[in-house]
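**Q** Just so we're on the same page, this note's numbering is the position in the sequence shown counted from 1, plus 804.
Hints in this document: simulated from the structure, not taken from any laboratory.
Where is the CB? At the ideal position from N, CA and C, for every residue including glycine.
Among these hints, one or two may not hold up.
[Said to hold, decoys possible] Taking lysine-lysine and the DSBU-like style, the derived pairs with C-alpha atoms no more than 35 Å apart in a straight line are: (1) K1007 to K825; (2) K892 to K1013; (3) K825 to K1065; (4) K1065 to K872; (5) K1085 to K1068; (6) K959 to K1007; (7) K1065 to K1085; (8) K1085 to K1007; (9) K1085 to K892; (10) K1065 to K959; (11) K872 to K892; (12) K1068 to K1013; (13) K1068 to K871; (14) K959 to K872; (15) K825 to K871; (16) K1007 to K1065; (17) K1068 to K825; (18) K959 to K1013; (19) K1068 to K1007; (20) K1065 to K871; (21) K825 to K872; (22) K1065 to K1013; (23) K1085 to K872; (24) K1007 to K892; (25) K871 to K1013; (26) K825 to K1013; (27) K1068 to K959; (28) K872 to K1007; (29) K1013 to K872; (30) K892 to K871; (31) K871 to K1007.
[Said to hold, decoys possible] Per label pair, the in silico range of CB-to-CB distance: (32) K825 to E873: 38 to 48 Å; (33) Q1017 to D858: 37 to 47 Å; (34) A853 to F1088: 19 to 29 Å; (35) E1020 to E973: 24 to 34 Å; (36) R1026 to L1069: 49 to 59 Å; (37) H912 to Y995: 20 to 30 Å; (38) C994 to Q1017: 12 to 22 Å; (39) A996 to G824: 34 to 44 Å; (40) Q978 to G947: 20 to 30 Å.
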Amino acid sequence: MSDATTDSLRQTAAQLLAEGKVSLVVGYGRDNGTPSAAAVFVRRAEDAARLLFDALCFPNLAVYLTKKEVRDLAAAPQGGQAAAPSRKIALVVKGCDLRAVNVLLREHVIPREDIVLIGVRCAGVGEPRLDKCQACEVHDPQGCDVAVGPPVEAKPSAERRFAAAEAIEAQTMQERWACWRRHLDRCVRCYACRQVCPLCYCKRCIVEKSMPQWVETSSHLRGNVAWNIARALHLTGRCVGCGECERVCPAGIPLGAINQKMAKLVHDWFGFESGRSPEEKAPFTTYAPDDPEEGIL
């Protein structure tokens, strides 16, 4: 990423805050000095210098749009004000992050008029670039209020699009079970995958319900399988493949492969890719007479 992208991002954020068009900018920064960038929350134009964008800006910041604490921060007065000049939140988004925002808009979780989207033209993150970035088709996020950064010349690698899903399909049923039993046996039920996911926004997760208890909460294979299957099903037709769940998993479980397999099924059956547009019609919430019958029990 070029320094010009960071400069443009800072100028845009400072202008939005100075003009009172937003009261909070959620972007990337390194206040803690770690190599990878983390979320920073900027409320004053003079603090826009905290923002940056480079190849180590991994997090999907769309997760903060559903957090009450962030909305409250945007609404809180500051500097002797009686009230915040605006309750709008400006969010810095890469292409994959924008797809998650589109799902939140499609599901009517957030009002479009309450957010300002700052799209960053992104050639991919990671050194070397992550597999998801090499297959990405949205390096230039469309539909944002503002776009920063130079144009990106990057062609998606089609063979990487469903590589993890195809690796699963190449296995026998016995091999799949042995593989995933080994992976899921490592799960410590920390729920980092849930917490980092922009689309896991239920006020009360199914694993927290005890009357009745749908999923065993102890960290053993039976409960781990139930939890990961439940989460995969809840994300089917919704997951945008941002890869955050797999990135933050302390046990190194390839959660992205599970979600990619489900996404491939939805693509093969319905020709649908989640998050392309906030107006898209999700296959599991709409009906058409010619819907395929595959997968129906």
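**Q** Evaluate each hint against the coordinates.
**A** Hint check:
1. Among the hinted pairs, K1007 with K825 is consistent with the structure: their alpha-carbon atoms are about 29 Å apart, no more than 35 Å.
2. The straight-line distance between the Cα atoms of K892 and K1013 is roughly 33 Å, inside the 35 Å bound, and the hint therefore holds.
3. Distance check on the hinted pair: K825 and K1065 sit about 41 Å apart at the alpha-carbon level, beyond 35 Å; violated.
4. Using a Cα cut-off of 35 Å, the hinted pair K1065 and K872 holds, with the two alpha carbons roughly 32 Å apart.
5. Between K1085 and K1068 the alpha-carbon distance is near 17 Å, which keeps this suggested pair within the 35 Å criterion.
6. At most 35 Å may separate the alpha-carbon atoms for a hinted pair to count; K959 and K1007 exceed this at roughly 39 Å.
7. Simply put, K1065 and K1085 have alpha-carbon atoms about 21 Å apart, close enough for the 35 Å limit, and the pair holds.
8. As the CA atoms of K1085 and K1007 are separated by approximately 24 Å, the hinted pair is consistent with the 35 Å bound.
9. Proposed proximity of K1085 and K892 is supported: the alpha carbons are some 27 Å apart, at most 35 Å.
10. In summary, the hint linking K1065 to K959 is supported, as the alpha carbons are separated by about 23 Å, within the 35 Å threshold.
11. A hinted pair counts as satisfied when its Cα atoms are at most 35 Å apart, and K872 with K892 qualifies at roughly 13 Å.
12. Pair hint K1068 plus K1013 holds up; C-alpha atoms about 30 Å apart against a cutoff of 35 Å.
13. The suggested pairing of K1068 with K871 holds, with an alpha-carbon distance near 30 Å, which does not exceed 35 Å.
14. Annotation: proposed proximity of K959 to K872 is violated, straight-line Cα distance about 38 Å (limit 35 Å).
15. The suggested pairing of K825 with K871 holds, with an alpha-carbon distance near 21 Å, which does not exceed 35 Å.
16. Proposed proximity of K1007 and K1065 is supported: the alpha carbons are some 27 Å apart, at most 35 Å.
17. Note on K1068 and K825: the hinted pairing is violated, with a Cα-Cα distance of about 40 Å set against a maximum of 35 Å.
18. Only pairs whose Cα atoms come within 35 Å are accepted, and K959 paired with K1013 is rejected, the gap being roughly 45 Å.
19. This hinted pair checks out: K1068 and K1007 have alpha carbons roughly 28 Å apart, not beyond 35 Å.
20. The hinted pair formed by K1065 and K871 meets the criterion: a straight-line CA distance of about 29 Å does not exceed 35 Å.
21. About 20 Å separates the Cα atoms of K825 and K872, which keeps this hinted pair within 35 Å; it holds.
22. Taking the CA atoms of K1065 and K1013, the gap is about 28 Å. The hint holds against a cut of 35 Å.
23. For the proposed pair K1085 and K872, the alpha carbon gap of about 27 Å is at most 35 Å, so the pair holds.
24. Restraint check: the Cα-Cα separation between K1007 and K892 comes to about 22 Å, which is no more than 35 Å; the hinted pair holds.
25. About 21 Å separates the Cα atoms of K871 and K1013, which keeps this hinted pair within 35 Å; it holds.
26. For the proposed pair K825 and K1013, the alpha carbon gap of about 40 Å is over 35 Å, so the pair is violated.
27. Of the pairs offered as hints, the one joining K1068 and K959 holds, with about 20 Å between alpha carbons and a cut-off of 35 Å not exceeded.
28. The straight-line distance between the Cα atoms of K872 and K1007 is roughly 11 Å, inside the 35 Å bound, and the hint therefore holds.
29. Of the supplied pair hints, the one linking K1013 and K872 holds, its CA atoms being roughly 21 Å apart against a limit of 35 Å.
30. A hinted pair counts as satisfied when its Cα atoms are at most 35 Å apart, and K892 with K871 qualifies at roughly 14 Å.
31. A hinted pair counts as satisfied when its Cα atoms are at most 35 Å apart, and K871 with K1007 qualifies at roughly 10 Å.
32. In this structure the hint that K825 and E873 lie 38 to 48 Å apart at CB is violated, the actual value being about 22 Å.
33. At roughly 45 Å, the beta-carbon separation of Q1017 and D858 lies within the given 37 to 47 Å, and the hint holds.
34. Distance hint check: the CB atoms of A853 and F1088 are about 44 Å apart, inconsistent with the given range 19 to 29 Å.
35. At roughly 29 Å, the beta carbons of E1020 and E973 sit within the given window of 24 to 34 Å.
36. Range check, R1026 to L1069: about 25 Å between beta-carbon atoms, so the 49 to 59 Å window is missed.
37. Between H912 and Y995 the CB atoms are about 25 Å apart, so this pair conforms to the stated range of 20 to 30 Å.
38. For C994 and Q1017, the hinted distance range of 12 to 22 Å is satisfied, since their beta carbons lie about 19 Å from each other.
39. Between A996 and G824 the beta carbons are some 36 Å apart, a value that agrees with the proposed interval 34 to 44 Å.
40. One distance hint, 20 to 30 Å for the beta-carbon pair Q978 and G947, is violated here, with the actual separation near 45 Å.
Hint compliance for this structure: hints 3, 6, 14, 17, 18, 26, 32, 34, 36, 40 are broken, all remaining hints hold.
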